[in-house]
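Assembling the complex is the task here: the two chains are given apart, and the hints tell you how they should meet.
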Amino acid sequence: QQPVQSPQAVILREGEDAVINCSSSKALYSVHWYRQKHGEAPIFLMILLKGGEQKGHDKISASFNEKKQQSSLYLTASQLSYSGTYFCGTEFTDSWGKFQFGAGTQVVVTP
Amino acid sequence: DGGITQSPKYLFRKEGQNVTLSCEQNLNHDAMYWYRQDPGQGLRLIYYSQIVNDFQKGDIAEGYSVSREKKESFPLTVTSAQKNPTAFYLCASSSAWAGGGYEKLFFGSGTQLSVL
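Protein chains in written order, with this note's numbering: chain B, 1 to 111; chain E, 1001 to 1116.
Simulated from the structure, these hints should not be mistaken for laboratory data.
Positions of the beta carbon are idealized from the N, C-alpha and C atoms, including for glycine.
Keep in mind that the hints are not guaranteed to be accurate.
Residues on chain E that point at chain B, a partial pick, calculated with CB under 10 Å [stated by the list, open to error]:
| hint | residue |
| --- | --- |
| 1 | Ile1004 |
| 2 | Tyr1033 |
| 3 | Gly1040 |
| 4 | Gln1041 |
| 5 | Leu1043 |
| 6 | Leu1045 |
| 7 | Phe1088 |
| 8 | Tyr1102 |
| 9 | Glu1103 |
| 10 | Gly1110 |
To be clear about the criterion: a stretch of chain B counts as covered by chain E if any three or more of its residues have a C-beta under 8 Å from a C-beta of chain E, and this derived list gives those stretches [stated by the list, open to error]:
| hint | region |
| --- | --- |
| 11 | 24–36 |
| 12 | 87–93 |
Away from chain E, derived, C-beta distances all over 10 Å, residues of chain B [stated by the list, open to error]:
| hint | residue |
| --- | --- |
| 13 | Ile11 |
| 14 | Gly15 |
| 15 | Asp17 |
| 16 | Lys68 |
| 17 | Ala77 |
| 18 | Tyr82 |
| 19 | Ser83 |
| 20 | Val108 |
| 21 | Val109 |
So here's chain E without its partners, still in its complex pose (with noise of 0.2 Å):
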């Protein structure tokens, strides 16, 4: 079956260290996402790629990177300048329409991040 998997569900960050977020997808999806949840919060937009090798920032990138070496794959690292990392993070993906702008959005089913 096609999806979109998010590893681990649960994540612990110590002060000072980095962490990443796996995502993968194997639904052939050209576009990928990476949004944060807050409690009560809506949906931010971090970071978007929309073809292998190149990606955008979205409106809270600062202390997050990411790599899009395979057109399956768009890991999340969150950094320790990111100094408020705890919430809720989804990974999407979607696929480009032949006239233009993009098809909905599967998500996975997310990963927790706290700080220990």
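So here's chain B without its partners, still in its complex pose (with noise of 0.2 Å):
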């Protein structure tokens, strides 16, 4: 149940935009999304709760596709700061405050 990430990695150069899709086998409640760097705890970066929602955090936005059951989260004109790993965690609504998380996208963003 645990939900599917890709790509696996992406490697930008400043200024380019990328996007990194969660995909959930069940019904999805909420999507969450995480930024982590090496060795440090991740960080919060935005919930989507409704279908089709958009929410922005800077030049990171998401959406949510209740009927896809995907999110997708879209990094826009990339600057250093958003290199590190990213993380989709989801809630179904039959097992509120479960969170799982997906296997991460490696986003490097270099110069």
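Now the structure itself:
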């Protein structure tokens, strides 16, 4: 029941865009996005609750397609500080509070 | 300042030994979690608890045990039955929304457990 993330890794030059996908085999209640730097705790980026809703955090935004049971994270005009591993965490309607995470997407932004 | 505290930062375990990782939060959160992270891997749920004196197994509970005697504390014991305990362990907490579901997770800074 863990979500599936893709791609596993992406290398960007500063200013380029990227999309990270998170898919679930079950109907989702919420999707959380976090970023983790090496050896540190994950930092919260955003929560999505409703189908089709988009949220933003600086130049990072996300969408949630309830019908397709998936969420996408958009990194726009990437900055060096965007480097890290991005995780999606999912919560299901029949198990509120049980958060499961994908394997992560490693993002490297180069000058 | 409110937050979630894990200790110790580094822990070493000998063969056949049980070790306990501490997790304390002063955020008044209902739910607490333990995740295991292996190098280059995602976060795998070990146990979680939504109320005092109650907890549920996650995806990889074998070889681990927990207790939730107080709202603010959720210690994790790595038992000798866990044959491959070397990993980074993260504790987290969250608060329930009135209408259902839970808010964002707050993570501790983690404990790196290694086997001697």
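Right, here's what the structure says about each hint:
1. Ile1004: 9 Å, holds
2. Tyr1033: 7 Å, holds
3. Gly1040: With a closest approach of 8 Å, the Gly1040 of chain E hint holds.
4. Gln1041: Holds, because the Cβ-Cβ distance from Gln1041 of chain E to chain B comes to roughly 6 Å (cut-off 10 Å).
5. Leu1043: Where the cut-off is 10 Å and the nearest Cβ of chain B is about 4 Å from Leu1043 of chain E, the hint holds.
6. Leu1045: Since the shortest Cβ distance to chain B is 6 Å, the answer is holds.
7. Phe1088: This hint holds: Phe1088 of chain E lies near chain B, its Cβ roughly 8 Å from the closest one there, short of 10 Å.
8. Tyr1102: Holds, about 5 Å.
9. Glu1103: Since chain B brings a Cβ to about 7 Å from Glu1103 of chain E, closer than 10 Å, the hint holds.
10. Gly1110: 6 Å, holds
11. 24–36: With 4 residues in contact (Cβ-Cβ under 8 Å with chain E), the coverage given for the region 24–36 of chain B holds.
12. 87–93: It holds: at least three residues are needed, and the region 87–93 of chain B offers 3 whose Cβ sits within less than 8 Å of chain E.
13. Ile11: 16 Å, holds
14. Gly15: It holds; Gly15 of chain B is separated from chain E by about 27 Å at its closest Cβ, greater than 10 Å.
15. Asp17: Consistent with the label, Asp17 of chain B stays out of reach of chain E, its closest Cβ about 24 Å off (over 10 Å).
16. Lys68: Consistent with the label, Lys68 of chain B stays out of reach of chain E, its closest Cβ about 20 Å off (over 10 Å).
17. Ala77: 25 Å, holds
18. Tyr82: Tyr82 of chain B is indeed farther than 10 Å from all Cβ atoms of chain E, at 19 Å.
19. Ser83: Since the minimum Cβ distance to chain E is about 15 Å, Ser83 of chain B lies beyond 10 Å and the statement holds.
20. Val108: 13 Å, holds
21. Val109: Non-interface label stands for Val109 of chain B: nearest chain E Cβ at 18 Å, farther than 10 Å.
Hint violations for this structure: none, all hints satisfied.
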